[in-house]
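Going by numbering that gives the first Met the number 0, the sequence shown opens with residue 0, and the numbers climb by one from there.
It is worth saying that the hints were derived from the structure and are not from the lab. All residues carry an ideal CB built from backbone N, CA and C; glycine is no exception. A hint or two may mislead.
To be verified - Under the rule of at most 30 Å between Cα atoms (straight-line distance), these lysine-lysine pairs were calculated in the DSSO-like manner:
| id | residue 1 | residue 2 |
| --- | --- | --- |
| 1 | Lys170 | Lys185 |
| 2 | Lys93 | Lys207 |
| 3 | Lys64 | Lys202 |
Claimed, not checked - Pair ranges (Cβ atoms, derived):
| id | residue 1 | residue 2 | range |
| --- | --- | --- | --- |
| 4 | His150 | Asp123 | 30 to 36 Å |
| 5 | Gly228 | Asp123 | 32 to 38 Å |
| 6 | Gln152 | Lys197 | 19 to 25 Å |
| 7 | Ile115 | Asn146 | 19 to 25 Å |
| 8 | Glu195 | Ser95 | 30 to 36 Å |
| 9 | Ile115 | Gly227 | 33 to 39 Å |
| 10 | Ser95 | Gln152 | 42 to 48 Å |
| 11 | Ala194 | Asp39 | 33 to 39 Å |
| 12 | Ala214 | Asp171 | 18 to 24 Å |
| 13 | Lys198 | Ala160 | 39 to 45 Å |
| 14 | Lys64 | Gly176 | 16 to 22 Å |
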Amino acid sequence: MAKTKSAKVVSGKRSLTVRVKTSKYRKKSSNQWLERQLNDPYVAEAKRLGYRSRAAFKLIQLDEKFKFLGRGKTIVDLGCAPGGWTQIAVLRNKGSGQVVGLDILPTEPIPGAVLIQQDFTAADAADKLKRLLDGKADIVMSDMAANTIGHQQTDHLRTMALVELAYDFAKDVLAEGGIFIAKVFKGGAEAGFLAEVKKNFLKVSHCKPDASRKASPEEYLVTVGFRGGTGETKNEDGSAL
0 MAKTKSAKVV SGKRSLTVRV KTSKYRKKSS NQWLERQLND PYVAEAKRLG YRSRAAFKLI
60 QLDEKFKFLG RGKTIVDLGC APGGWTQIAV LRNKGSGQVV GLDILPTEPI PGAVLIQQDF
120 TAADAADKLK RLLDGKADIV MSDMAANTIG HQQTDHLRTM ALVELAYDFA KDVLAEGGIF
180 IAKVFKGGAE AGFLAEVKKN FLKVSHCKPD ASRKASPEEY LVTVGFRGGT GETKNEDGSA
240 L
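Throw the hints in and build the complete structure from the sequences for me.
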């Protein structure tokens with residue numbers, strides 16, 4: 000099984016840059032993607048450590064900052080394919096707890112996790128996940144994003160629709176004190192949605208891990224301390240204001 004490693008080990012740059020020869024069988028964009036992959040230290044480190052994807056380091060870095068993973072957690076991973084986040088969740092659960100992952104794409108089995116292939120926007124998806132859970136969840140995390148078309152506002156709105164769907168699910172399944180994490184695009188969560196989230200969580204932040212490519216518009220909404228879905232504003236000790 001892959002071993003958890005601090006993401007700091009891949010913070011430096013490679014001394015050599017790999018250039019990919021052009022080919023009449025590949026589009027220019029494919030060449031650029033391949034060249035970027037070959038020169039990405041996170042891709043190389045993920046391969047060395049046995050992680051399914053470089054995205055594993057995004058979760059590692061988020062956890063280093065917000066300290067939410069740990070032994071015995073019940074975790075739901077939305078948009079889990081190919082499994083990088085799920086691997087880290089299982090590793091940091093240290094053989095206990097429960098990890099359930101869902102994605103519209105197939106995900107190869109990961110020991111210690113229950114994986115289902117399902118479109119999260121389908122009417123029965125949330126109920127399927129709830130039936131798999133052993134009680135309430137400690138963490139709901141979503142790396143889901145809509146397919147981008149290159150139009151920033153449209154891409155943002157389409158991904159926010161998935162974020163809001165994941166948030167509604169999180170409110171249904173999180174235990175009090177739970178954590179919700181979701182990928183958003185540049186501009187972060189919209190003001191109205193953010194105001195709603197702040198009613199239900201003690202702390203709400205936006206964070207762009209170092210492992211997120213600088214050119215990528217993605218960042219993560221990190222919400223800590225679920226209030227129990229009452230929408231009532233409370234102090235950090237749980238008492239009413």
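Exercise. So which of those numbered hints doesn't the model satisfy?
Worked result: The structure breaks hints 5, 9, 12 and 13; every other hint is satisfied.
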